[in-house]
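Residues per chain, in single letters:
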Amino acid sequence: MSGFAVEVDSLAKYFGNVVAIENVSFKIKSGSITALLGGNGAGKTTTISILMGLLTPSKGTVYILGENMVEDRYRILPDINFSSPYVDLPHRLTVKENLKVYAELYSIISPNERIRELAERFDIEPLLEQKTGQLSAGQKTRVALAKALINNPKLLFLDEPTASLDPDTADWVRTYLQQYAADKNATILLASHHMGEVERLCDTVLMMRDGGIVDRGSPKELLKKYGRTNLEDVFLDIARNRVEQVSFDE
Amino acid sequence: MNKSIETYRFSSRRIFGMVRRHFYLLRGSLPRILEMAYWPTVQMVIWGFVTQFFMGHSSWVANAAGVLIGAVLLWDLLFRSQIGFSMCFLEEMWSRNLGHLFVSPLRPYELIISMMLISFLRGVVGLLPSWVLAFVFFEFSIFSYGVGIVAFFSCLFIMGWGLGMAVVALVLRFGLGAESLAWVAIFAFAPISAVYYPVATLPDWLQIVAWCTPSAYVFEGMRSVMIDGIFRQDLLIGAIFVNCIYLCFGALIFAWSFFGARKTGKLLQMGE
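Protein chains in written order, with this note's numbering: chain A, 40 to 289; chain B, 20 to 291.
What the hints contain is simulated information worked out from the structure, not anything from laboratory work. Watch out, some of these pointers could steer you wrong.
[To be verified] Listed next, with one range per pair, are the computed distances between beta-carbon atoms:
hint: 1; chain 1: B; residue 1: 163; chain 2: A; residue 2: 159; range: 50 to 58 Å
hint: 2; chain 1: B; residue 1: 196; chain 2: A; residue 2: 257; range: 41 to 49 Å
hint: 3; chain 1: A; residue 1: 125; chain 2: B; residue 2: 57; range: 29 to 37 Å
hint: 4; chain 1: A; residue 1: 177; chain 2: B; residue 2: 196; range: 27 to 35 Å
Glycine included, every Cβ here is placed at the ideal spot set by N, Cα and C.
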């Protein structure tokens, strides 16, 4: 493998005459944590959907873990997973039933042991027999993370990973994700509107606007480049187009 | 496009996982189980009494006792097979679970196989009470007509799956607005399936259409077994042949819809 978990080149997606994303190119190093940031309609969801194979691109190439996502997604899917507060797990199944089903879908060798391990790690043991639909938003987020990690993914896509979590649990989850990436050399691509989280977790930030990547760099580099003290201001500068596009190296 | 063999690699565990998901759903919902058994049972009771009435008033029914109940039970089997298949997919859409499923290694064809298995289980659960009641109240057992009837059963299940795939494809293509198709699509086949009357009753031009449905062969075959005591292999072969076409057509339209949904992003968007 090239040392990159994700290699995207000249990616474009059109819905009829609407340009969702165009000329998107980036690479994500294996074992790193990268944030994809941008306002609503910037193209984050489209980009991530293509990377996960849920959406086919109109143009461009996507290599995930060294394999072509468009042509050979089934070689990749066992090694990736995702969590999003906007894509539910079946509400009428208990937490344990949902995790068992996904353990089967990912052909986990010892499903019960893995579920026990995740339940302990995410403190969802008392929730295992509860219907997923009856959980609070924060509990659902923890269950969704447990599901996302059930196959020990090499590449993890996270949409708002700490949405609805109290500050203490959110902090714990961030620490866990950092450890997970470091221990397993796993790559994480996350979309978040929590700039503090991005500053703390991410090695690289990709900023999107109007379907393209308009800037990238480490949080520190971006702060320096825009002369700001926090990423939220950088985000606003870019989202509101308050600065000229800054040139950057590929 | 050069796809590796991995694309087509089969996993019984993934299929079992999906069957398990729907088993959990049914196990946890008594109303769902009651709903499955309710209509076939009501239908069977009504047609059981109709048969009893006609037996004293019609020599044809008197000579072919059970042909109406048999028709009802088999028609319900077809309906349950199609609705059971379609409902599996609708459940995934209602629970907004398609995104999770299609990011997992589950192949579309494995999903289809699992939906066939679940539809079979749902069919058996739904129809078993009516079969038992038909025997208890009207001394009618469809199985007393031999294994030939079982072969015809299977053909109806398979036809239901073919239609189910087409219905699911349309729901995937047009969204949950097309959901009602799952409930009504099968009834378009009722007049030409010759459920309660021979195909010969239909006008000539409609008979040609009828012979394009596997169900017409099955119901003709059922009547042949029940009235004449003859198992018509030619009708079974006809049903199998037309079923193959239905399955291929269903699979093709599902594939078209699925790949279309990947182009339009519907796999993530769909839900209640």
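Hint check results:
Checked against the hint of 50 to 58 Å, the pair residue 163(B) and residue 159(A) passes, with Cβ atoms roughly 56 Å apart. Between residue 196(B) and residue 257(A), the C-beta spacing of about 47 Å keeps the proposed range 41 to 49 Å intact. Here the CB-CB span from residue 125(A) to residue 57(B) is close to 35 Å, well matched to the stated 29 to 37 Å. Taking the beta carbon of each, residue 177(A) and residue 196(B) are about 34 Å apart, inside 27 to 35 Å as hinted.
Violation of the numbered hints given earlier is absent; every hint is satisfied by the structure.
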